[in-house]
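Colleague: Chain A is already provided as a structure; the job is to place chain B on it using the hints.
Chains as they are written, first to last, in this note's numbering: chain A, 42 to 349; chain B, 24 to 113.
Since the hints were derived computationally from the structure, they do not count as laboratory data.
One or more hints might be untrue.
Straight-line C-alpha distance at most 27 Å; calculated DSS-like pairs for lysine-lysine [said to hold, decoys possible]: (1) 100/B to 27/B; (2) 107/B to 323/A; (3) 100/B to 211/A; (4) 89/A to 211/A; (5) 260/A to 211/A; (6) 211/A to 323/A.
In silico contact screen, one side only, chain A against chain B (beta carbon under 8 Å); selected entries [stated by the list, open to error]: (7) 171; (8) 175; (9) 246; (10) 291; (11) 316; (12) 342.
Here the structure is a predicted model, which means the values were calculated and not measured.
The beta-carbon is built from N, C-alpha and C at its ideal position, and this holds for glycine as well.
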Amino acid sequence: MTALPLLNALDMARFVARGFLRFDGVVPADINTQFLAEAGEAPEPGAKLRQTYGRLLAGSGIPEVPPGVPLSAAYAQGSAIERLLDLPLVKGAIQSLVGPDPVFDHHFLHVTFPPAYYEAGGGENVSQHTHQDSTIDPQAGFDLQIMYYPHAVTRPMGGTRFVPGTHLRKVSEVALGRYQNIAGQQHMVCEAGTLLFLHNGIWHGGGVNHADRTRTMFKIRMNPSAPQVRRWDMATLPDASAQRPIFFVKSPRPETVESLLMTPEPWFEQDTGRLEYVNRIKLWRHLSGDPAFDADYWMSRLENPARA
Amino acid sequence: MRQKVLVLYLANSALDAPTVAWAVYDGTGETRPMAGDNDEAPYRTGVDALKDGWRLIQASQILPHSRGDEFDLAYLKYEFFFEKLVEMQP
Numbered sequence: 042m043t044a045l046p047l048l049n050a051l052d053m054a055r056f057v058a059r060g061f062l063r064f065d066g067v068v069p070a071d072i073n074t075q076f077l078a079e080a081g082e083a084p085e086p087g088a089k090l091r092q093t094y095g096r097l098l099a100g101s102g103i104p105e106v107p108p109g110v111p112l113s114a115a116y117a118q119g120s121a122i123e124r125l126l127d128l129p130l131v132k133g134a135i136q137s138l139v140g141p142d143p144v145f146d147h148h149f150l151h152v153t154f155p156p157a158y159y160e161a162g163g164g165e166n167v168s169q170h171t172h173q174d175s176t177i178d179p180q181a182g183f184d185l186q187i188m189y190y191p192h193a194v195t196r197p198m199g200g201t202r203f204v205p206g207t208h209l210r211k212v213s214e215v216a217l218g219r220y221q222n223i224a225g226q227q228h229m230v231c232e233a234g235t236l237l238f239l240h241n242g243i244w245h246g247g248g249v250n251h252a253d254r255t256r257t258m259f260k261i262r263m264n265p266s267a268p269q270v271r272r273w274d275m276a277t278l279p280d281a282s283a284q285r286p287i288f289f290v291k292s293p294r295p296e297t298v299e300s301l302l303m304t305p306e307p308w309f310e311q312d313t314g315r316l317e318y319v320n321r322i323k324l325w326r327h328l329s330g331d332p333a334f335d336a337d338y339w340m341s342r343l344e345n346p347a348r349a
Numbered sequence: 024m025r026q027k028v029l030v031l032y033l034a035n036s037a038l039d040a041p042t043v044a045w046a047v048y049d050g051t052g053e054t055r056p057m058a059g060d061n062d063e064a065p066y067r068t069g070v071d072a073l074k075d076g077w078r079l080i081q082a083s084q085i086l087p088h089s090r091g092d093e094f095d096l097a098y099l100k101y102e103f104f105f106e107k108l109v110e111m112q113p
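Chain A on its own, in the form it takes in the complex:
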């Protein structure tokens, strides 16, 4: 039996710091083709969008699945999503992030319609407000959301917009909808077969589609069934080392877990950016099972027992 390709320490640190991992073009073309056939074609423009969407979902070959079942039981053998979830890269990344035997939460076929549908059926063709999925989530662990792009996405098609590094903010769904644009936001322009693995807390929204075809993205949310501790390739975790020098630094440092966790995002406020570092360290402690881990002395200073 071949060992799963688990995520290494640097990939995990990237996920902890930024809340996502992107894998471009990793799903084979035959699975993409099969998925689009199973998802079904959108009806022609003419009806109201709600009716059009309803018809699309009703005619889709993607199954209805109740939440709480094992992910491994959610999709029929040989279906496109079952084959996708069985790809070694996908299995390894899922195991690394949520551990073995994840639980199916929900899935959805996100279809964004081009202008012709609004011209024919009414409604306003606008982007989705930026939001965090589900509801306020104060827990230490997280759910994994996989966004699957079965066909190429161009910039005029909109793409999923997301803001790296926002996943540790405890907000209430679309309460942040006022923020139209955030420095560092990314738009998923990608080739067919691209996957985006997201922490459930990441701020995101669907982009407006100005192209001449529908845009399809399939999202699956899954929950851990056991603590998300040391599930990744622990052989790649460097031995705990002495703290690296901070502030007064004379030359660039190599990429390490610490350097990734201490990399700011363009939208960081100057003071709360430091709190983001603290919260990243806390998540790394949780995932690595190392309650003494620190980076750049942020926690050591705060937890100095002599000051208690």
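Modeller: Just chain B now, with coordinates in the frame of chain A:
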């Protein structure tokens, strides 16, 4: 008369701090700003918006941190609302 609203989120509480997020709402109906429509901030700082004729109408308060919640982060802190009033043809 119609109102255009500009919302800037700055990197700290100073009006001359860098912009980190932004939004525009146009009461004239001439434009339709929306989420994700611009990856470049319209103004480098809040002061740059003042120089371009935007009137500051509200700034977020600087609030103390509740004990026990010091590390909880949620919404962007340094929010500044600006307006421009635009004459409309009857």
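Colleague: Please go over all the hints and tell whether each is borne out by the structure.
Modeller: Here's how the hints hold up against the structure:
no.	hint	result
1	100/B to 27/B	holds, 22 Å
2	107/B to 323/A	violated, 44 Å
3	100/B to 211/A	holds, 13 Å
4	89/A to 211/A	violated, 35 Å
5	260/A to 211/A	holds, 22 Å
6	211/A to 323/A	holds, 15 Å
7	171	holds, 5 Å
8	175	violated, 15 Å
9	246	holds, 5 Å
10	291	violated, 26 Å
11	316	holds, 5 Å
12	342	violated, 13 Å
Violated hints, in rising order: 2, 4, 8, 10 and 12; the structure is consistent with all others.
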